[in-house]
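Those protein sequence lines, which keep their order, are chains A and B. Number 444 marks the last residue of the first sequence (our numbering); no jumps. Number 71 marks the last residue of the second sequence (our numbering); no jumps.
These aren't lab readings, by the way, just hints derived from the structure by calculation. Cβ atoms here follow ideal geometry from the backbone N, Cα and C, with glycine treated the same way. Hints are supplied without guarantee of correctness; some may be wrong.
To be verified - Taking lysine-lysine and the DSSO-like style, the derived pairs with C-alpha atoms no more than 30 Å apart in a straight line are:
hint: 1; chain 1: A; residue 1: LYS40; chain 2: B; residue 2: LYS39
hint: 2; chain 1: B; residue 1: LYS9; chain 2: A; residue 2: LYS404
hint: 3; chain 1: A; residue 1: LYS314; chain 2: B; residue 2: LYS18
hint: 4; chain 1: B; residue 1: LYS39; chain 2: A; residue 2: LYS377
hint: 5; chain 1: A; residue 1: LYS40; chain 2: B; residue 2: LYS9
hint: 6; chain 1: B; residue 1: LYS46; chain 2: A; residue 2: LYS19
hint: 7; chain 1: A; residue 1: LYS412; chain 2: B; residue 2: LYS60
hint: 8; chain 1: A; residue 1: LYS314; chain 2: A; residue 2: LYS79
hint: 9; chain 1: B; residue 1: LYS39; chain 2: A; residue 2: LYS33
hint: 10; chain 1: B; residue 1: LYS18; chain 2: A; residue 2: LYS19
hint: 11; chain 1: A; residue 1: LYS314; chain 2: A; residue 2: LYS21
hint: 12; chain 1: B; residue 1: LYS9; chain 2: A; residue 2: LYS33
hint: 13; chain 1: B; residue 1: LYS60; chain 2: A; residue 2: LYS404
hint: 14; chain 1: B; residue 1: LYS9; chain 2: A; residue 2: LYS79
hint: 15; chain 1: A; residue 1: LYS412; chain 2: B; residue 2: LYS46
hint: 16; chain 1: A; residue 1: LYS402; chain 2: A; residue 2: LYS420
hint: 17; chain 1: A; residue 1: LYS334; chain 2: B; residue 2: LYS9
hint: 18; chain 1: A; residue 1: LYS234; chain 2: A; residue 2: LYS438
hint: 19; chain 1: B; residue 1: LYS46; chain 2: A; residue 2: LYS70
hint: 20; chain 1: B; residue 1: LYS46; chain 2: A; residue 2: LYS33
hint: 21; chain 1: A; residue 1: LYS348; chain 2: A; residue 2: LYS402
hint: 22; chain 1: B; residue 1: LYS18; chain 2: A; residue 2: LYS161
hint: 23; chain 1: A; residue 1: LYS243; chain 2: A; residue 2: LYS435
hint: 24; chain 1: B; residue 1: LYS46; chain 2: A; residue 2: LYS21
hint: 25; chain 1: A; residue 1: LYS243; chain 2: A; residue 2: LYS348
hint: 26; chain 1: A; residue 1: LYS79; chain 2: B; residue 2: LYS39
hint: 27; chain 1: A; residue 1: LYS377; chain 2: A; residue 2: LYS334
To be verified - What the simulated footprint calls covered on chain A by chain B, stretch by stretch (three residues with Cβ under 8 Å from a Cβ of chain B suffice, anywhere in the stretch; the number is not a length):
hint: 28; stretch: 119-133
hint: 29; stretch: 418-429
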Amino acid sequence: MLADQRYWNPLLETLPLRKVKELQLTKFQCIFKWAYERSKFHRALYDRASIRPEDIRSHEDIRRIPTVEKSMMRDVQRKDPFPYGDALCVPLEEVSEFRQTSGTTGQPVYQADTWQDWEWWAECWSFILWAQGYRPSDRVFIPFGYNVFVAFWAGHYAAEKIGCEVVPGGVLDTTARVLKIQELRATALMATPTYVLGMADTAMNKLGIEPRTLAVNKITCAGEPGAGIPSTKKRMEEAWGAKVFDHAGATEIGAWSYECEAQPGGMHVNEAMFLVEIVDVETGEVIDEPGRQGKMIITAFDRQAQPCVRFDSKDIIEWDPEPCPCGRSFRLIKGGVVGRADDITKVKGVLLAPSAIEEAVRGVDGLGDEYEVVVDKVGDIDRITLRVELRAEALEQANSVKDKLVDQLRIKTNLRYNIKLHDYGSLPRYEVKAKRFKDLRKAH
Amino acid sequence: MNPEFDMEKMDHLIQEMKRIAGEVELAGHGIPAVVRNTKRIMASIKMLEINISDVSRILKTTKAEDRSSVK
């Protein structure tokens, strides 16, 4: 039976790594030639480096190709063919989909896709959903504001492609969404980790509904690293009584990585559709061996309107030395995306990843899910203020909760914090990507 | 590799579908309903190529290499 099939495509997902590499080289040659011949932006970039399509004969040759940064895309856009500019590889009338980045790191980047590209997005997501146990019998509720951000759009189309029944939970508030999940006995959800926890909170504290009693048995997360942070994942799974899966994707890239049902503590890279390279953040040296973190340079092989060729994603990842018990040969990245090169900042001379603070906060019983971190300066000294919420049932143990948090923060980040305990419900709530980390030092 | 999959045959059939879809588009002489629907079919066929044809060609090369190394 179709539903009993373990893999979306066993031919690709169990292909030996040597063959994967061969496939990747062939497909890279094709997309490089495509971009070189059709995009003035790419052609100029590669001509400056004196690299032409016929020069790419090996994976080593690929590593000599200049990378593309988000800022470069910003520079070429808002010009003709409007608004995509010189990176566009197809006539404007072939573009059927518009999306844009959130603009959290600057001016938004526009992304053009043809209908074929959009099929490709859904195909990438089909690998994800099938690996996470989505089947035609599922009723999938998608509580996101269908808009210019790609978010769960392709998840919606992929769920349809797989054969699931899809319920678009667009213009509803959180209360109405929880009630709709209950009314329709939805079996699966897609949302950011922040919103998964927020919906659970609304269900319990506003509606008196235990999310665990609902029919949801799997949740796919995106947009934030939470589903890859063990303490956050645990909170979500306990609240909903469901398996929570991580996935990684981006507007300019596509959906390139996914956690499978085995939940191996990392995510598979879809190596048949993407080439992922890891490079040292400081030196740019390529890291092939497992166990060393670096930033990801990624190529999407089959995306045509606005190709993604050696894109510097700034995501910090590392190869996992262990194979996955699920049998997929696509390699794992350990712990998923553990941070972003532009998020990791030096505080008091120590490298600090915001995800490590989240891991500490969500690992302490008695604290709420929300928190806020502010880094500023007192004179020449960095100061970190961490605001957390104390749950009502933990009010009498406030001191011991705080002590536990201090210990966890010291273990996970090696830094001291000015901790402020707040009443439960007093910190800001977010529906999409949360903004919990503020670095005010540049303002001084 | 799972032996029950005849990848060469699947690839051949996919290419046949592509050819037929192209012919349908031509035969439609610009009828929007034909042109746009075949465009969508072509996009789905491309997904089959990604899943089957692209890898089939790689495995075909391997078989040829294996045969020549045996000789």
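Going through the hints against the structure:
For the hint pairing A:LYS40 with B:LYS39, the CA-to-CA distance comes to about 26 Å; that is within 30 Å, so the pair holds. A distance of roughly 63 Å separates the Cα atoms of B:LYS9 and A:LYS404; the hinted pair therefore is violated under the 30 Å criterion. Between the alpha carbons of A:LYS314 and B:LYS18 the distance comes to roughly 39 Å, so the proposed pair goes past 30 Å and is violated. Between B:LYS39 and A:LYS377 the CA atoms are separated by roughly 59 Å; this puts the pair beyond 30 Å, and the hint is violated.
Only pairs whose Cα atoms come within 30 Å are accepted, and A:LYS40 paired with B:LYS9 is rejected, the gap being roughly 39 Å. Distance check on the hinted pair: B:LYS46 and A:LYS19 sit about 21 Å apart at the alpha-carbon level, within 30 Å; holds. Proximity of A:LYS412 to B:LYS60 is assessed by CA-CA distance (about 50 Å); at most 30 Å being required, the pair is judged violated. For the given pair, A:LYS314 sits about 26 Å from A:LYS79 by alpha-carbon distance, which is consistent with the 30 Å threshold.
Simply put, B:LYS39 and A:LYS33 have alpha-carbon atoms about 23 Å apart, close enough for the 30 Å limit, and the pair holds. Proximity of B:LYS18 to A:LYS19 is assessed by CA-CA distance (about 26 Å); at most 30 Å being required, the pair is judged to hold. Taking the CA atoms of A:LYS314 and A:LYS21, the gap is about 23 Å. The hint holds against a cut of 30 Å. Between B:LYS9 and A:LYS33, the direct Cα distance comes to roughly 28 Å. Compliance with the 30 Å bound is thereby established for this hinted pair.
A C-alpha spacing of about 59 Å is found between B:LYS60 and A:LYS404, which places the hinted pair above 30 Å, so the restraint is violated. Between B:LYS9 and A:LYS79, the direct Cα distance comes to roughly 46 Å. Violation of the 30 Å bound is thereby established for this hinted pair. Taken as a hint, the A:LYS412 and B:LYS46 pair is broken in the structure, with Cα atoms around 46 Å apart against an allowance of 30 Å. A hinted pair counts as satisfied when its Cα atoms are at most 30 Å apart, and A:LYS402 with A:LYS420 qualifies at roughly 9 Å.
A hinted pair counts as satisfied when its Cα atoms are at most 30 Å apart, and A:LYS334 with B:LYS9 does not qualify at roughly 38 Å. For a cut-off of 30 Å, the pair hint linking A:LYS234 to A:LYS438 stands: about 26 Å separates their Cα positions. A distance of roughly 28 Å separates the Cα atoms of B:LYS46 and A:LYS70; the hinted pair therefore holds under the 30 Å criterion. For the proposed pair B:LYS46 and A:LYS33, the alpha carbon gap of about 18 Å is at most 30 Å, so the pair holds.
The straight-line distance between the Cα atoms of A:LYS348 and A:LYS402 is roughly 22 Å, inside the 30 Å bound, and the hint therefore holds. Simply put, B:LYS18 and A:LYS161 have alpha-carbon atoms about 20 Å apart, close enough for the 30 Å limit, and the pair holds. The straight-line distance between the Cα atoms of A:LYS243 and A:LYS435 is roughly 25 Å, inside the 30 Å bound, and the hint therefore holds. In summary, the hint linking B:LYS46 to A:LYS21 is supported, as the alpha carbons are separated by about 21 Å, within the 30 Å threshold.
Distance hint between A:LYS243 and A:LYS348 is unfulfilled; the C-alpha atoms sit about 38 Å from each other, more than 30 Å. A distance of roughly 28 Å separates the Cα atoms of A:LYS79 and B:LYS39; the hinted pair therefore holds under the 30 Å criterion. The straight-line distance between the Cα atoms of A:LYS377 and A:LYS334 is roughly 34 Å, outside the 30 Å bound, and the hint therefore fails. Given a C-beta distance limit of less than 8 Å, the hint that chain B covers the stretch 119-133 of chain A holds, as 3 residues qualify and 3 suffice.
For the stretch 418-429 of chain A, the proposed coverage by chain B is not satisfied: 0 residues have a C-beta within less than 8 Å of a C-beta in that chain, short of the threshold of three.
Figure legend: structure checked against the earlier numbered hints; hints not met, in rising order: 2, 3, 4, 5, 7, 13, 14, 15, 17, 25, 27 and 29.
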